[in-house]
Structures are given as C-alpha cells and as structure tokens.
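Peer 1: These protein sequence lines map, in sequence, to chains B and C.
Numbering of the first sequence is given in this note's numbering, commencing with residue 1 and proceeding in unit increments.
Numbering of the second sequence is given in this note's numbering, commencing with residue 1 and proceeding in unit increments.
Check before you lean on any hint, since a few could be wrong.
Since the list can't tell identical chains apart, any single copy or any two copies may satisfy a pair.
In silico DMTMM-like pairs for lysine to aspartate or glutamate, Cα to Cα no more than 25 Å straight-line [what the hints assert, rightly or not]:
no.: 1; residue 1: K437; residue 2: D96
no.: 2; residue 1: K437; residue 2: D29
no.: 3; residue 1: K437; residue 2: D72
no.: 4; residue 1: K91; residue 2: D29
no.: 5; residue 1: K91; residue 2: D72
no.: 6; residue 1: K91; residue 2: D175
no.: 7; residue 1: K343; residue 2: E134
no.: 8; residue 1: K91; residue 2: D31
no.: 9; residue 1: K91; residue 2: E257
no.: 10; residue 1: K343; residue 2: E257
no.: 11; residue 1: K91; residue 2: E81
no.: 12; residue 1: K343; residue 2: E319
no.: 13; residue 1: K437; residue 2: D421
no.: 14; residue 1: K376; residue 2: D396
no.: 15; residue 1: K343; residue 2: E143
Please keep in mind that the hints were generated in silico from the structure rather than gathered at the bench.
Since the model is a prediction, treat every value here as computed from it, not as a measurement.
Number of protein chains: 2
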Amino acid sequence: MSVISAVDIFDVRFPTSLELDGSDAMNPDPDYSAAYLVIRTNARDGHEGHGFVFTIGRGNEVEAAAIGALRDHILGRNVEELLTDMGGTWKYLVHDSQLRWLGPEKGVIHMAIGAVVNALWDLKAKRAGLPLWELLSRMTPEELVSLIDFRYISDALTPDEALGILRAAEPGRGDRRARLLMEGYRGYTTTPGWLGYSDDKLSRLAKEAVADGFTQIKLKVGANLQDDIRRVRTAREAVGPEIGIAVDANQRWEAQEAIDWMAHLAPFDIAWIEEPTSPDDVLGHAAIARGVAPIPVATGEHVQNRVVFKQMLQAGSLEVLQLDAARVAGVNENIAILLLAAKFGVRVCPHAGGVGLCEAVQHLSMFDFIAVSGTKEGRMIEFVDHLHEHFVTPVDVHSGCYWPPSSPGAGNEMLPQTLSDYSFPEGPVWAAVSASKS
Amino acid sequence: MSVISAVDIFDVRFPTSLELDGSDAMNPDPDYSAAYLVIRTNARDGHEGHGFVFTIGRGNEVEAAAIGALRDHILGRNVEELLTDMGGTWKYLVHDSQLRWLGPEKGVIHMAIGAVVNALWDLKAKRAGLPLWELLSRMTPEELVSLIDFRYISDALTPDEALGILRAAEPGRGDRRARLLMEGYRGYTTTPGWLGYSDDKLSRLAKEAVADGFTQIKLKVGANLQDDIRRVRTAREAVGPEIGIAVDANQRWEAQEAIDWMAHLAPFDIAWIEEPTSPDDVLGHAAIARGVAPIPVATGEHVQNRVVFKQMLQAGSLEVLQLDAARVAGVNENIAILLLAAKFGVRVCPHAGGVGLCEAVQHLSMFDFIAVSGTKEGRMIEFVDHLHEHFVTPVDVHSGCYWPPSSPGAGNEMLPQTLSDYSFPEGPVWAAVSASKS
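One chain only, chain B, in its complex shape:
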C-alpha cells in the first residue's frame, strides 16, 4: 500500500502575447499558461502524476488556488484505492457538497477537478507502463462504464446503452489498434490562420501546411467581414479545392449575425464554422446550425460539462464535437462525452493547441477509435506547432497525422526546467519580461 505524499502546484505561464501567435477575435493577447500539479507518492516506483488546467494568462493563479482547494482531498489517501476506483474518485471530487457551490460542475472549480483527475490518470497509466490511450483501450466495457457519472445525462444515455456501444466495438479493438499504429490519426492545423497574420504569411503557411500533409486548415474569423472574405479567398487560392478550410469565430457573434456572416463565406466551401456564439447557448447554436446548413457547426472547447454537450446533441446544435482535455472534469467526463457523441452519431474533432492540449487529447481520440466509436471517418485532432518542446513526451505529428505515443502516461508532463523557468511571476523568464518592460 502506498499513499499520496505530496501535491505540488505550479503557476506556469509563457509570454506568448509578445508575438501575435494565438490571436483571435476574442483573445487578442493570450499568455498561454497552465495551472499545474504534480502528485507524488511514497511508493518505491517513483512515479508521479501530472495534470494541468490550460488558461491564457491572468487568473491562472485562481486556477492554482482551486487546485489547492482539492489538495486535502487526496493528500495522504491510499493510492491504490483512488486509482482502482476512478469512477468513485471522480464522484468524490465532483460531489464535494461545499465546493460544488462554486460551479456546480463548471468553470474554475470544475477545470481544477479535471486537472487532478487527469493527474491521477497519468499516474495510473505510468504505473501500468502504458500510454493512456492503450490503458483505456484495454479496459472492459464494464470497467469503462463504471468510470462515468450518469447523473443528468441518463435521459440521453443510460448505462446499458453505454455498455451496448462499448460491447459492439469490442471485437474490432485489435484490428483498429493495428490500423492506428500503421495509419496514425489525422490532424488539422490552425497555424496559418491567426488573425494577426498578414495575407502573405497566411498564404505561405497554408501552402506549407498542405506540403506537410495536412488535409484541413483553420482560419480565425469574426473581427471584420471584408477581411474575412479576403482571407478565406486567399487561403482557398493557396490550398486549392481539395483541402478543407474550417473557420473559427471564437464566440464573436449573435445567432442571426452568424448566419448572415457565414452566407458570405459559404462560396469558399467551408469545412465547419466553429464557436459561432456563446458556448452556453444550446438553442442559439441549434438555430445557427439550421441557418448555415449544409455548413456544419463545431463547438466544444468552452462547453463546461457533459450536461451542456448532452443538450447540444439533443437539440442538433452541432455536427462536430470539439471536446477539450482540460475544460471538463478530466478523462472520466470526456469518456462520457465520447459515448454521448457515439450515441448521437456525431463526429469528435478535439480542440487542441495552447499548452499541452495536443499531448493530452490525442489519447482520447485514439481510445475513441479503438474502443468507442470505432471510426476515424471525418475525424481529426487540432494541431498547433507551438510549445511542444516543454513536454517530456511531445506529440509526434508528421505527414498530417498524430502518431500514437508509446511512453507510459497521459502526456501531461512538462520538463522540470520549464516548471522553474516559466514559473510566474518569479521565474527567470518573467523576471526578464518584467525587466524589459520597465
């Protein structure tokens, strides 16, 4: 038996606002950041569990405080007990009767729980000597269903239905695992499309993306209609007719405004319109979906939990579900969301980018292919070539695909040097930024 002996928390920030990478209509100057935790145990194996919440700068200390509010829930606890019953562990964290008031199940506290849950999965996968996608893909349908809290989703997905989906996918697991290792999992890139880039840079990066093997790129839109028309045209001319071009409004519009705006971009053959309006607006998204058809609506990176995803599926609000590794309460809730998507026959194309989101979320898509939906049809994982060098096991993306990681763990672990260099505000990188501004 071993116990959790330490929970160390870090406020890590990258001064990305000094450039224009990551700029969009709602987020003009993000400093990509992580509220980060390391779970240590007294076991002789020395394994640690790493997890994080991704933020874009100010307020990262609030997320760190929220992770701190959960520290006493796991410190000193029996590791085997927590890891053996990850479904029970999830409920124990999410249903704390006092902390629940801060959400419930949304925002700062829910993301903090996600970081802790993901750190425990990282630890569990390392102990098993497996990458997370492989660990999950080896669990039985019954074990997977036991991870899920069906509260508030049972009107759309019952435990029996979830079991049915997982059992139907069980026979083909081995074949699909082999295919995954051989074919990889398709990615698409947002690198060309940031709002701050000139048309020339957009065109050049779009061509490079195609040369790198990507079959879809994504452009930020929503600040100015005429600029958007010109930029989408520029991109279409650069990549030709065969490459998908998705656009992303980052919640900029009202429902009708989204429909009107997209009518102007529709002639350029748009792969999807992402985050057209508030992520809380299930009915608004449904109205937009009807109004922009046949262009698919995509959303999810800011969808707070499984309850809102459930309604978006019930209402026909989205055709592309973009789950995020660090927005909801971790791996468990994302498995519920994968199952909901499978039930409703909707494709999952995860949100990534930021810091570590690519490293983390690839495990979920690969697991989904092997053991849940059983398909990669129309599915791809977002990719931004940024900040991967800070991770112990950076993603392997080439030929337009993510290639399955083989290292044990969930992919969340940053280099120790990064944790100290980019520590905010006292790390050397921030000391230098501060000195250069004064």
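Go by the hints and put chain C onto chain B.
Peer 2: Here is chain C on its own, set in the frame of chain B:
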C-alpha cells in the same frame, strides 16, 4: 475627482454546519460564507463600497482569490468614471480577454465580478444618498438600458424592446413606489423546511410562519420519497389549505425521476417545484415543466448567467424565475434578467437566505415592481431568518413582507466586528471551533 485607493478582501465564514440549519438533499453541511470586498476611495465623503460572493464553506478562499484577480482592474481608477458608466464598467470587467477563459461568464470568476460590480453599486448608492432600489427606480429607461450587455441575448430581447418595457412602466412609477412603502413586498419562508428537522419541529415552525403572516412556506425534498410525502402532509396539516407550500429538490433528480416523484406530492397542492435537476439542463427543465404541469417549475439560484436564463424562457423551462444577487455578474446582469422575465411574462421570486442574500436581493424585486414589470402579482422574495444581525442594515421583514430599506447603499455591508470575528481561519470564532474539535 477621486480614485479607488484600496480594495480589501475578506474570507468570512460562519460555522453553520455545527447545527442542521441549511441542510438539504445536496448540501448536508454548509458553512455559510462570504468572499467579501471593501472598496475604499480617497474622497472626503468616506463612503465605501461593499460586495460579496455567497458560498457554503470550502472554496471560499478560491472566490477570494478570484476577487483578488480583479483588484488591479479597479485600484487607482477614477471613481466617477467607473460609477458614471456602470454599463461600460461591467463590460470592462466581464470581457477581460484573459480572465474570460476561466468562465466564460460562469462560476468562480463570474461570481467574483458580480461581487465587484455590486460593491461599486453599493458605493454609487451611498454617494447618491439612496437605497439601491430607489437609485435604480429613478434612472431613465435609456440609462437603464445602457447598463445591459445584450451580447448573446439579442435574439430574445433587443435594446429597443427593453426600452419599450421600461417606458411602458414609467408613468406608474410614483404610484407603485407609494404602494411599495405602504404594502411592503411579500416574502415566503424556508425556515420550517430544512431536511434535518423533525416532523414536530417542521409542524411547529410552519404554524409559526403562518402566525407571522407568511402566505407561503417551502420544504426541502428529494432525499427519500416516503419521508417527503409524510413531511409535505405534515406541513399541509399544519398550515391548512390556504397557504402555499413550495418544494425544493436542490438539483437532486434526473428529468423523469422529477416527474415521477412529483406525481406523489401533487395531491398536497404544491406551489412550485424548485431546482428539480441540473441548473445547466434547459431542455431537461422544459421536459419536467411539461411533465409536472400544472405545478410550476422554479429555478435560478445556480443559473450561471443571462444566456442560460434566456434559453430557459425560450424553451418554457420555468414559470418562476429565481434570480440570485450573488450568482451572476451583479446588478447589471440581474437587470437584464428582470427584463427578459418581463418580456416573457414570467414571475420573478428571488432566491435568498444564506448570508446577506436577503439584504441584497430585495432591492432588485422592489426596483422591478416600480420600474420594470410593474407588478407584484404572484411574486415574493425568499426569506430565512438567519445571520441578519451581521449586517449594518439588516432586512426589515414582518407581517409576511419585506419592507423597503431607507438606508443608502445596496444592503451588502457587514459589521466590522463580524469581518474580524468570523474571518477564516484566523478569527476568534474559528479558533474556538478548531480548539473544540481538537
């Protein structure tokens, strides 16, 4: 010209879990708490702005940290500028491009913004020498509309429609103000109905409530069906057929479960069923509303923002809208919600209780009567007789009614002695609790 010279933040908690007051099916042992701020200026008038987020214990320090993340946004700012354009001030706080990631517009960060916004309103009302309800009721329709961010609600309520509602109510303002001062504003009480109380205590407190002039009481339900049937029957026998009995499930049920459960309570003539399921489940509430009709569905104390309220009104999810003074982003957003309710013809019966929620929310209902909906028909404010002695201007509730406060301010201000005695964890009250446990 004056500037904001200090923003002091307090973590104040009351050890209410030592008794069973406040116990319900989801919140068995709350420690009623407030993440509290005081805004000071260098003006000679000495006025301060007080505001808070209500929480139920653990995690109150996370809310305090979130208020801290907003401190630099107002410290050193020109007070007159902030207070003259409260609509602009609201947007400035809510649309911070980095902090927005922590919500957006929900949970810990949104409630913290609400506390800051409410503290600024408290300051503005004190400077005007008026209670908040009176200050708001004297603003022109145009000034009131300028307070509102119509982003994400314009499909349900346009600025012109809001203006129309406010202008229609303008001629009767004086008469209704006179009526309010003469008649008060009806309250209802939750005091008899906590889950932890015995049947005898429930019966006795229910009779006392009627003797005190209340025409409605509320019971917590949802833990055990047979207990609920017995408790509702006990209450009905105690109060007779003329008194309203509402029930509150505190999010305990799935949609179908709510419908089935309520069928057993319906024979006792239920005034409303409150929070039957997740506050995020717009469509679930709509299904419940259809399934339990004609019993009205009530919800709102955990509804995160105007976007979710908008959808609940669009989908027919509720007949009783229970806004809360400290859940959304303060007075401005609550005015948007009052206008949405008026547009859809839904009655507003605010959530209160906790710490200071009664003191704060009464201003909104009184303003609504005078200047928005123009009616008190079927409307009442929740009342729990608890912790009012900690406020500088405690509510005046008697004869079953709230009586309009005459002191300047928004009602949020706690006594200085309370701020020090109940400071967590170092205040003397908590030192004593800690000593008694060890």
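Peer 1: Taking the hints in turn, state whether each one holds.
Peer 2: Here is how each hint holds up against the structure:
In the homo-oligomer, the alpha carbons of K437 and D96 lie at most 25 Å apart only across protomers (21 Å), although the nearest pairing inside one protomer, at 43 Å, exceeds that limit. Proximity of K437 to D29 under the C-alpha cut-off of 25 Å is restricted to the intra-copy arrangement: shortest distance 16 Å within a copy versus 49 Å between copies. When the C-alpha separation of K437 and D72 is checked against a cutoff of 25 Å, the pair qualifies only between copies, where the shortest distance is 18 Å, while the shortest distance within a copy is 39 Å. With identical chains, the CA atoms of K91 and D29 are at most 25 Å apart between copies only, with a shortest distance of 18 Å across copies and 36 Å within one.
Taking CA atoms no more than 25 Å apart as the test, K91 paired with D72 passes inside one copy only; the shortest distance there is 16 Å, against 36 Å between copies. Taking the shortest Cα distances, K91 and D175 never come within 25 Å of each other, neither inside one copy (34 Å) nor across copies (53 Å). In this homomeric assembly, K343 and E134 come within 25 Å of each other (Cα to Cα) only inside a single copy, at 22 Å, whereas the closest approach across copies is 53 Å. Taking the shortest Cα distances, K91 and D31 sit within 25 Å of each other only across copies (21 Å), while inside one copy they are farther apart (32 Å).
Taking CA atoms no more than 25 Å apart as the test, K91 paired with E257 passes between copies only; the shortest distance there is 20 Å, against 40 Å inside one copy. In this assembly of identical chains, K343 and E257 lie within 25 Å of each other by CA distance solely across copies; the values are 22 Å between and 31 Å within a copy. Taking the closest pair of Cα atoms, K91 and E81 come within 25 Å of each other only inside a single copy of the chain (14 Å); across copies the shortest separation is 47 Å, beyond that limit. For the identical chains of this complex, K343 and E319 are intra-copy neighbours only, at 13 Å inside a copy versus 32 Å across copies, given an alpha-carbon limit of 25 Å.
In this homomeric assembly, K437 and D421 come within 25 Å of each other (Cα to Cα) only inside a single copy, at 18 Å, whereas the closest approach across copies is 43 Å. Proximity of K376 and D396 under a CA criterion of 25 Å is satisfied intra-copy only: 18 Å inside one chain copy versus 64 Å between copies. In this homomeric assembly, K343 and E143 come within 25 Å of each other (Cα to Cα) only inside a single copy, at 19 Å, whereas the closest approach across copies is 49 Å.
Consistency note: the structure conflicts with earlier hint 6 alone.
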